[in-house]
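**Q** Residue numbers (our numbering), protein chains in the order written: chain A, 2 to 251; chain B, 14 to 249.
Please keep in mind that the hints were generated in silico from the structure rather than gathered at the bench. Every residue, glycine too, gets a C-beta built ideally from N, C-alpha and C. Be aware that one or more of the hints could be misleading.
[As the list claims (entries may be wrong)] Here are some, though not all, of the chain A residues that point toward chain B, as calculated from beta-carbon distances under 10 Å: (1) G44; (2) W156; (3) W182; (4) L209; (5) A213; (6) G215; (7) F216; (8) R219.
[Stated by the list, open to error] Here are the computed lysine-lysine pairs in the DSBU-like style, where the Cα-Cα straight-line distance is at most 35 Å: (9) B:K123 to A:K69; (10) A:K170 to A:K69; (11) A:K115 to A:K69; (12) A:K170 to B:K148; (13) B:K148 to B:K123.
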Amino acid sequence: MHVPARSLSQDDSLVHRLDARAKLAALLGLVIICVSTPPGRWGAFVFYAVFLLAVAALSRVSPHHLLKRLLAVLPFVVLVAVFLPFMPGQPRVAVGPLSLSRGGLAMFATISTKGLIAVGAVVLLSATTPAAELLAGLARLRVPAIFVMLLAVTWRYLWLLADEARRMKRAAVARGFTGRWLWHARTVGRMIGALFLRSHQRGERVYLAMAARGFDGRAVGVPPARLRGGDLLFAAGSLALLIACRAVLP
Amino acid sequence: MTGEPLIDIRDLTFSYPDGTRALSGLTVSIHAGQRVGLVGPNGAGKSTLLLHLGGMLSGTGSIRVAGSPMDRSHLRAIRAAVGLVFQNPDDQLFCPTVAEDLAFGPRNMKLDEHEVRHRVTAALAAVGLADRGGKSPFHLSFGERKRAAIATVLTMRPQAIVLDEPTSNLDPRGRREIIALLERLGGTQVVATHDLELVRQLCGRVLVLSGGRLVADGPPGEVLADESFLLAHGLA
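Assemble the whole structure, with the sequences as input and the hints as a guide.
**A** As structure tokens, then:
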């Protein structure tokens, strides 16, 4: 696994050029507004989806890529809700040999829709904003510096960890390891253990290197940057529109 | 040499918690402007000594940097005075972008943002990475990351740069670039390395550590010329 040399977030469009704070406000705003919308308000949900599609269209990120990322997360969302239609309770609907609860079905539909829209918003945010800008945006939105630093360090070392795992596996494969049989679980377990130990040791070295540069446990913030008119307009306009729809649409 | 040494170590002894004696009775002083090679076999105590210079470990004996004793109240000043560059650049570079990593030290020093940016730009240029500031360390070559790691302490404008294995794992060109960079940077440098050729080329003085003791201290031309001495201490 590699950080792609040219990721989607480095493309250029109106949406890419927006300040990370504006996108965070609008898209995370959408998540909160959507999740808090009562079930059955299908007019509102349709509007959220249309809003998301409009921003996606403006961003000119290829739908194929967005869909691929969406599909990677979606099964987890659906898995949470998939048993709801089988709950006890009246009235019931028969679908072939299955007897489903009508209320459960409605809940399944609502939760899946909310999940789809929320994940879509986050996917769009990450596809149009480089990680470094996203983190700076969070810091400028007054997210505590220590959380931002944790996220930054996680993002940085996740790739190294994946790389290390890949190298370790390659070295094992070179010695005839296939990872196919049950007794290989023991090897995989050892690899995970070794990875954990290495990461722990790396963590200590990273900390030493940080301490050598005067780090005393207090994360330093990022310098402020001014929001442009267009950023404010996008964030305020989107939020106003979404809130209005949540209030008005059936 | 006259005047007070920049780094003054007296009778430094250190054992790791598991009982391994890493340094025994080390006494050495380094004056401003000297470029000193620190050589010795694996496990000789080189890294342990470097960690002491950054105040990460504290053994018995005394260490003074720029006249201040190594203690809690001077730690911050000493860490600003001694720029420690670790061997693996992936341990040093922990930020999403190179420029942010370079700004980390100066921001910890509470410099104002204008000065921080100025230093970041200057340091990027100094190590030949002027166009790489916005990149993720992951997208830099190993040689570039090595140089970026050096730049992360240059932005702190330290009085001495202390480097652990600056040329390890580098290809010949990467190695040549690091050597040229160290030569260009000048100032006080302590270079722990297995690269004797680098020491011969760059350093006016070499310290040989073996088994936690200082076994030689002198010009590389003399110290590193004795083949049987080098063999005895695992350097040849």
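**Q** Hint compliance check: list the failing hint numbers for this structure, sorted ascending.
**A** Hints 1, 3, 9 not satisfied by this model.
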